[in-house]
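Trainee: Line order of the protein sequences matches chains A, B and C.
Using the working numbering, the first residue of the first sequence is number 77, and each one after it goes up by one.
Using the working numbering, the first residue of the second sequence is number -14, and each one after it goes up by one.
Using the working numbering, the first residue of the third sequence is number 80, and each one after it goes up by one.
Just to be clear, a hint being listed does not mean it is correct.
[Unchecked claim] List time: in silico BS3-like cross-link candidates among lysine-lysine, alpha-carbon distance up to 25 angstroms: (1) B:190 / B:157; (2) C:147 / B:105; (3) A:135 / B:11; (4) C:162 / B:84; (5) B:143 / A:125; (6) B:105 / C:282; (7) B:80 / B:100; (8) A:112 / A:125; (9) B:80 / C:90; (10) A:127 / A:88; (11) B:208 / A:88; (12) C:148 / B:80; (13) C:164 / B:71; (14) B:181 / B:0; (15) B:156 / A:125; (16) A:181 / B:197; (17) B:157 / A:135; (18) B:11 / A:127; (19) B:105 / C:148.
By construction, these hints were calculated from the structure, which means they are not laboratory data.
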Amino acid sequence: MNPLPNIIINPKSAVPVYEQIKSSIRFAILSGKLKKDDKLMSLRDLSLKLKINPNTTLKVYYQLEVEGYVYSRPGSGYYVKTSSKGILNKRQIAIEKLTEDYLSKAVQLGNSLDDIIKVIKQTHEEKFKLKGGE
Amino acid sequence: MIEINNLSFNYGRLKVFDGFNLQIPKGQVCLITGINGVGKSTLLRLVARVLNPLSGEIRFPQITSPDPRSKIGFISDTLSLYQNLKVSQAIDFHKSVYKIQKFDDSLISHTKIKKNQRIKELSNGQKTIFHLSLILSAQPDIFLIDEVIHSIDAYLRKVFLEKLIDLLTEKKLTVIMVNLNFYDIENMIDRVILLKDGKTAVDEKIDDLKTKVKKITSSTQPKNIPILTEIHYSDHADYYVYPYETNDNDDMEGEIIDLDLTEIITAFIGGEYA
Amino acid sequence: MLNKEINDALKRLMECALILLGIPVAFILDNIIFKFGWSLSDTMETTLIITAFAYAFYAGFTVFLSEKKDNAFEYLLSLPLPKVKILFLKVIPRLIILFILILPLILIWKFNPFSISGMFLIFTFFISLFLSFAVDSILLGLIGVVLLHSLISFHMKILNFLFWKNQVSTHGVNPLLIIISSFLVLFPLGLAFWLVIRQFDLKPIKLQLKPYYYIAIPAIIIELIFLVWFYRPYLNWFQNG
Chain A
77 MNPLPNIIIN
87 PKSAVPVYEQ
97 IKSSIRFAIL
107 SGKLKKDDKL
117 MSLRDLSLKL
127 KINPNTTLKV
137 YYQLEVEGYV
147 YSRPGSGYYV
157 KTSSKGILNK
167 RQIAIEKLTE
177 DYLSKAVQLG
187 NSLDDIIKVI
197 KQTHEEKFKL
207 KGGE
Chain B
-14 MIEINNLSFN
-4 YGRLKVFDGF
6 NLQIPKGQVC
16 LITGINGVGK
26 STLLRLVARV
36 LNPLSGEIRF
46 PQITSPDPRS
56 KIGFISDTLS
66 LYQNLKVSQA
76 IDFHKSVYKI
86 QKFDDSLISH
96 TKIKKNQRIK
106 ELSNGQKTIF
116 HLSLILSAQP
126 DIFLIDEVIH
136 SIDAYLRKVF
146 LEKLIDLLTE
156 KKLTVIMVNL
166 NFYDIENMID
176 RVILLKDGKT
186 AVDEKIDDLK
196 TKVKKITSST
206 QPKNIPILTE
216 IHYSDHADYY
226 VYPYETNDND
236 DMEGEIIDLD
246 LTEIITAFIG
256 GEYA
Chain C
80 MLNKEINDAL
90 KRLMECALIL
100 LGIPVAFILD
110 NIIFKFGWSL
120 SDTMETTLII
130 TAFAYAFYAG
140 FTVFLSEKKD
150 NAFEYLLSLP
160 LPKVKILFLK
170 VIPRLIILFI
180 LILPLILIWK
190 FNPFSISGMF
200 LIFTFFISLF
210 LSFAVDSILL
220 GLIGVVLLHS
230 LISFHMKILN
240 FLFWKNQVST
250 HGVNPLLIII
260 SSFLVLFPLG
270 LAFWLVIRQF
280 DLKPIKLQLK
290 PYYYIAIPAI
300 IIELIFLVWF
310 YRPYLNWFQN
320 G
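Isolated chain A (complex conformation) (with noise of 0.2 angstroms):
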C-alpha cells in the first residue's frame, strides 16, 4: 500500500488547497513518513481521496518537483527524492514557514511576543511533555 499522509483540507482557510496539501505532503517526507524512492499516489487516487481537482493535484506535484521533493518518472508517477542529508536543511524551513503562520495568526490576535512564547512554553509542558514521559 502507498504510503498516505494523513491530509486534512481547511475549507475555510485562505490558504489555497493546493498549499494546503503540499504542506502536508512536504511534513510527511520531513518527518520521515514517506522515505525515498516511495510512490506517490497517483493523480486520480489522491484526487479521489481528498475529492478534488485532479488540476490541483497536478499542480501540487508539479511544484513539489520543481522545489526537489519528488522526481517523477514518466508513464510511473511521481517519488520522493529527498535524501537524508537534505532533511536537516528543509526540516528547518518547514518550521520556520509554520512559525511564519502561526505568529502571523497570534499577532493579528492581539498577542505580543513575549505571551506567546509563554503559551507555547505552558502549552509544550502541559499537552508534550507529559506524553514524552521526560
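Using the hints provided, position chains B and C relative to the given structure of chain A.
Mentor: Then chains B and C, alone, in the frame of chain A:
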C-alpha cells in the same frame, strides 16, 4: 475553450445580455453564480445552443466537428427528456443520435433504475443521474451543469463527483456549473464568476477569491473596504468584505476571518440583494 | 430518432384507427334503422376516407406533441441534429403511414391520390403541420384547416372563372389550377413555418411566431380581402335581398 464575444440576448423586451464577453480556457472548472433571474441558466443554454443569441457569437475553437453540440454535454434544471420512452429506448435514441456504441452505465449501476421503466416513472434524482449518464456516454469536451445536482442524494452525488474527477484526470474537460451550493464540490472549482445586470461583476480564481473575501467581526464598521453584506448582533457585527487586501489590516479593528466557498458565495449574493 | 418518430406516428394512427370501428357500427345501424341501402363496401370506403383525413390532420398537428407534452424541446435542441434533419425524421414516417393507410383505397376503390380529394388529403397534412406551432388547441387547428381548405377551394373557383372562363369543371380538374390555388395558401404558411423552425430555440413559443405575423397572416388576409372583393356583387345582392 469557450469564447463568448459581444453576446446579446433578449426574451422579447426583457434584455438579459448586451455585449457580454467571457473566455473559459480548456480544462477549467468554472462556477457561475448570481441572484435568481440574472441569466445564469440563460447563459448556459446559449452555450449549449438551445437558445440562439440575438447578436454576437459563442465559439469553441478546439471542437472540430461541424456541429459543436456533439461535444457539448448539457443538463438543464428542467429534467428535459422524452418522458414516455423506456430507459432502454431512451438509451438507444441517444446512442443513435450521437453515433456511439456504448452506454456508460457506471452512474446508473449505483441506482435502482431498471431498463424497462419509463422515464416518467423515475424520481427527479434518478432522471438527473440517468440524463448525466447519457451525456457522459457521448464523451463531451464541454460539460454544462445547471442547478440539478441538488435533486440527487448524498451517495449518488459522491458517485457523480468521483466520476467527474475521473473525467478531469483522463482529459481536459471544460466544465461550467451554475450555483452548485453544496460543499462537497467546492474543491473542484477553479474559477468563480458572479453575474450582475448582464455583466461579470466578479471573476476570480478560487485561490485569489479566498484571500480577497473576508468576514470582519467588529463593533465598528471597517473603513475603506467595500462591504458586501453585514449581520448585526447586539454589540458587534459581521462585515463580509471584498476586495480585502492584506495590507488593509494595519489599523483594522476586530477579527479577520477566512471563509469557505459557500460562505463567500452567500455573501456575494447577499450583497446583490442589499 | 427515427425509431421514436415511427412509434409516435403509429401511436397517432392507432388513435385515429378508432374511427375504423365505425365501419361495423355504421353498417349495422344502416341495416337496422336507416335503410339507406349502404353496402359494406361503401361503408368501408367512407370510413377509410374519414380515417385518412383524420390521420392526416392529427399526424400533422401533433408532429411536436411529444416535445410539447414531455417538455423535451430542451433535450431535442441540445442534440447535434440539424433542424432540417429533425423535420425530415418527423415528417417522412408520418407521410409513409398516411400513404399505407390510403393504399387499400387506391387498390380496391380506385381512389386517385392526384384527384381533388387526394390532393386535399395531402394539403390537410401540411396545413395542420404548418399550423402546429402557431396554434395550441386542437379545435382551433381543426377550424383553421377547414377554413384554409375553403380558401383553397375559393381560389380554385376564382382562378377557374378568371383564366379558364369557367370551362374547367370540377370533375376534370386542371392540375395547374390545384397547384396554383394551393400554392397561394400553402406557400406563405409553409414559409412562416420553415422560418420559425430554422430559428427555433427554447424561448417561449409566443416570442418566436414573428414569421406568422409578418408573412402568413398578412398573406391570408390579403387573399381574403381579394375574395370578398371578388364576391362583392353577391354580397350586395345578399344585403339587398
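Trainee: Name the hints, by number, that the structure is in violation of.
Mentor: none
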